[in-house]
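Enquirer: Sequence:
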Amino acid sequence: MSDAAIALAMTGASGAPYGLRLLELLLAKGETVYLMVSSPGRMVIGMETPLRLPNRPSDMKMALVEHYGAESRQLRVFAMEDWSAPVASGSNPPRALVVCPCTTGTLAAIAAGYSRNLIDRAADVALKEDRKLILVPRETPFSAVHLENMLRLARLGAIILPPNPGFYHAPKSVEDLVDFVVARVLDHLGIGHTLVPRWGAPADD
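Numbering-wise (the working numbering), the sequence shown opens with residue 12 and increments by one.
Honestly, I wouldn't trust all of these hints.
[What the hints assert, rightly or not] Listed next, the in silico EDC-like pairs over lysine to aspartate or glutamate satisfying Cα-Cα at most 20 angstroms (straight line): (1) K143 - D198; (2) K40 - D198; (3) K40 - E159; (4) K40 - E92; (5) K72 - E92; (6) K40 - D93; (7) K72 - D93; (8) K40 - E82; (9) K139 - E150.
In short, the hints are calculated from the structure, not lab data.
These numbers come from a predicted model, not from an experiment.
Using the sequences provided together with the hints, build the complete structure.
Expert: This is the structure we're talking about:
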């Protein structure tokens, strides 16, 4: 665990369980998390999970801290227009930003350096400050525009991590498939886990 926070942004793409599972595990490991959830992201969370998150950041924080049994100091929730948030400035950036799930619209804005809201700005800061930026674009099929934006961002140093689960670990549930993708995010954050068996690792005796 590092003293520096990890920022997590959830946008309106399908795939809310990925972002929420990542949040759950980061909090369980004692990490400090800066959370941003767009209005469409909050709507999708309500559609895809049992959670009904309040709109006001302070209320959302309370609901999530209670839901995951975390300490209040571990989580900060920021509104989309909160330009005073630490993620909005290169003078106090988090050590990494994960956008999970990431809409193709958000992907395009980040690729263009166009900050429409705090999520876009946080990604812009991550790129310019050479901090880790992990994007989890949930769309299918990808158009040439989507692919060109991903290529541009990859060349700028972002990690493009589509939520494509593997099956070599013989998943038995949707949760197993979610964990496969979240495990890869944790790997790139440098956070240890035992969510899925490693390819080529010796079997337990």
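Enquirer: Evaluate each hint against the coordinates.
Expert: Hints and how they fare:
Distance check on the hinted pair: K143 and D198 sit about 12 angstroms apart at the alpha-carbon level, within 20 angstroms; holds. A hinted pair counts as satisfied when its Cα atoms are at most 20 angstroms apart, and K40 with D198 qualifies at roughly 14 angstroms. Of the pairs offered as hints, the one joining K40 and E159 is violated, with about 35 angstroms between alpha carbons and a cut-off of 20 angstroms exceeded. A hinted pair counts as satisfied when its Cα atoms are at most 20 angstroms apart, and K40 with E92 does not qualify at roughly 29 angstroms.
For the given pair, K72 sits about 17 angstroms from E92 by alpha-carbon distance, which is consistent with the 20 angstroms threshold. Restraint check for K40 and D93: not satisfied, since their Cα atoms lie roughly 27 angstroms apart, outside the 20 angstroms limit. Among the hinted pairs, K72 with D93 is consistent with the structure: their alpha-carbon atoms are about 15 angstroms apart, no more than 20 angstroms. Of the supplied pair hints, the one linking K40 and E82 holds, its CA atoms being roughly 11 angstroms apart against a limit of 20 angstroms.
About 26 angstroms separates the Cα atoms of K139 and E150, which puts this hinted pair outside 20 angstroms; it is violated.
Checked against the numbered hints given earlier, this structure breaks hints 3, 4, 6, 9; the rest are met.
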